[in-house]
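Using the sequences and the accompanying hints, generate a full structural model.
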Amino acid sequence: MRCIIVDDEASARAIVLELCRTIPEMEVVSEFPNALEALKFLKHNQVDLIFLDIHMPKLTGVDFIETVSNPPKIVLTTSDKEFAIEAYGYEFIVDYLVKPISPERFQKCAIKLRNAFRAINSSDDDHQMGPGEDEDLYINIDRRLIKLKFGDIQLIEAKGDYIEIQTKKERYRVHSTLKKIKEKLPESRFLQIHRSYIINFAQIVDIQDNSVLIERSVIPISRSNRPELMQRLNLL
Amino acid sequence: MAEIPNLDYIKEISGGNEEFEKKFLNIIQTEFPKEMNDYLDFLESNDLEESAKIVHKIKHKLGILGLTGGYKLAIKYEEDLKYGNTNLREEFQEILAAVEEFILKIA
Numbered sequence: 001m002r003c004i005i006v007d008d009e010a011s012a013r014a015i016v017l018e019l020c021r022t023i024p025e026m027e028v029v030s031e032f033p034n035a036l037e038a039l040k041f042l043k044h045n046q047v048d049l050i051f052l053d054i055h056m057p058k059l060t061g062v063d064f065i066e067t068v069s070n071p072p073k074i075v076l077t078t079s080d081k082e083f084a085i086e087a088y089g090y091e092f093i094v095d096y097l098v099k100p101i102s103p104e105r106f107q108k109c110a111i112k113l114r115n116a117f118r119a120i121n122s123s124d125d126d127h128q129m130g131p132g133e134d135e136d137l138y139i140n141i142d143r144r145l146i147k148l149k150f151g152d153i154q155l156i157e158a159k160g161d162y163i164e165i166q167t168k169k170e171r172y173r174v175h176s177t178l179k180k181i182k183e184k185l186p187e188s189r190f191l192q193i194h195r196s197y198i199i200n201f202a203q204i205v206d207i208q209d210n211s212v213l214i215e216r217s218v219i220p221i222s223r224s225n226r227p228e229l230m231q232r233l234n235l236l
Numbered sequence: 001m002a003e004i005p006n007l008d009y010i011k012e013i014s015g016g017n018e019e020f021e022k023k024f025l026n027i028i029q030t031e032f033p034k035e036m037n038d039y040l041d042f043l044e045s046n047d048l049e050e051s052a053k054i055v056h057k058i059k060h061k062l063g064i065l066g067l068t069g070g071y072k073l074a075i076k077y078e079e080d081l082k083y084g085n086t087n088l089r090e091e092f093q094e095i096l097a098a099v100e101e102f103i104l105k106i107a
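As they're listed, the protein sequences go chains A and B.
Residues in the first sequence are numbered from 1 upward in steps of one, following UniProt numbering.
Residues in the second sequence are numbered from 1 upward in steps of one, following UniProt numbering.
It should be emphasised that the hints constitute simulated quantities derived from the structure, not laboratory data.
Fair warning: there could be bad hints in the mix.
FRET-style restraints, in silico, Cβ to Cβ [what the hints assert, rightly or not]:
hint, chain 1, residue 1, chain 2, residue 2, range
1, A, Lys159, B, Glu49, 43 to 49 Å
2, A, Asp206, B, Ile4, 40 to 46 Å
3, A, Met230, B, Gly15, 18 to 24 Å
4, B, Asp38, A, Glu25, 36 to 42 Å
5, B, Glu21, A, Lys168, 41 to 47 Å
6, B, Glu18, A, Arg189, 50 to 56 Å
7, A, Glu170, B, Leu25, 37 to 43 Å
8, B, Ala2, A, Asn34, 31 to 37 Å
Backbone N, C-alpha and C fix where the C-beta goes; we use that ideal spot for every residue, glycine too.
Listed below in structure tokens is the structure:
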């Protein structure tokens, strides 16, 4: 998610920026102290998401919403609750964060955003080829293309410039990144639970406190990824 | 007893990232005195609408610095100012003084 932060308070921007750092897929590409500068930027740049303050001098967040053409997803950030109900009249407004934003509330917002973008992506998948449930993944090992079935992959671990793909039988070392392989995996089956780990959801043996057991591997769950993992569990 | 500002929220956000904490405190040390001066100037010139706007910004910082009571008072004061009511001026001034003192202490 490429995002920008628009807020006239530097302290508020710094907090949102720091909170974004806890969400692996969020990339803050720029930040702006006023809506006019943000509008100029958006004329020549595309983003997926805007964290937008409502109360700003000259052009307010509301003015901005009314002005921007083809708006991306927007998360409102403000110290007032009064705009919340009105905000949901706009379909591109995903969430409304009241300042000071708590890390827990921000994590919930990240889940909403993931769901919103997943819905967009799945609708795009109806028209485009994407990683399906029964597809395979080919990895390049010593000039050999090895076929891995998604169902056989247990977990993927980032190790510097490499990733290690653990299957039921073997562990493969591939020159790639978690970000790249994540794009090739079906989201319905795989989940990133830590900066260094993606797991196959079906391979979970059990979950204890802040770790997941897969086969005999204990995988840490980061604080930022835990809410999404818990949300996807079929809990009794 | 008057509330004392604290850095609990900053530490929660930073997750131990000292670089962020340092950077953030620098921002607050620059931003708060300016906002406080702007607020006092607007109040002095009886521009209560603009005063309310600055109180709105300061309100966020009171929340950041753990001043729960101060934050609530700022919400009320901001609304009052919009209607020309400055009754909470003295109480708000005490909160500002506490924040100012705290900021000088952590500098």
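Right, here's what the structure says about each hint:
Taken as a hint, the range 43 to 49 Å is violated for the pair lysine 159 (chain A) and glutamate 49 (chain B), whose Cβ atoms sit roughly 58 Å apart. At about 45 Å, the CB distance of aspartate 206 (chain A) to isoleucine 4 (chain B) agrees with the hint of 40 to 46 Å. The supplied range of 18 to 24 Å is met by methionine 230 (chain A) and glycine 15 (chain B), whose beta-carbon atoms lie about 19 Å from each other. Remark: the range hint 36 to 42 Å for aspartate 38 (chain B) to glutamate 25 (chain A) is upheld by a beta-carbon distance near 38 Å.
Between glutamate 21 (chain B) and lysine 168 (chain A) the C-beta distance comes to about 45 Å, which sits within the given range of 41 to 47 Å. Range check, glutamate 18 (chain B) to arginine 189 (chain A): Cβ separation about 39 Å, and the 50 to 56 Å hint is violated. For glutamate 170 (chain A) paired with leucine 25 (chain B), a C-beta distance near 50 Å fails the hint of 37 to 43 Å. One distance hint, 31 to 37 Å for the beta-carbon pair alanine 2 (chain B) and asparagine 34 (chain A), holds here, with the actual separation near 35 Å.
Of the hints listed earlier, those the structure fails to meet are numbers 1, 6 and 7, in rising order.
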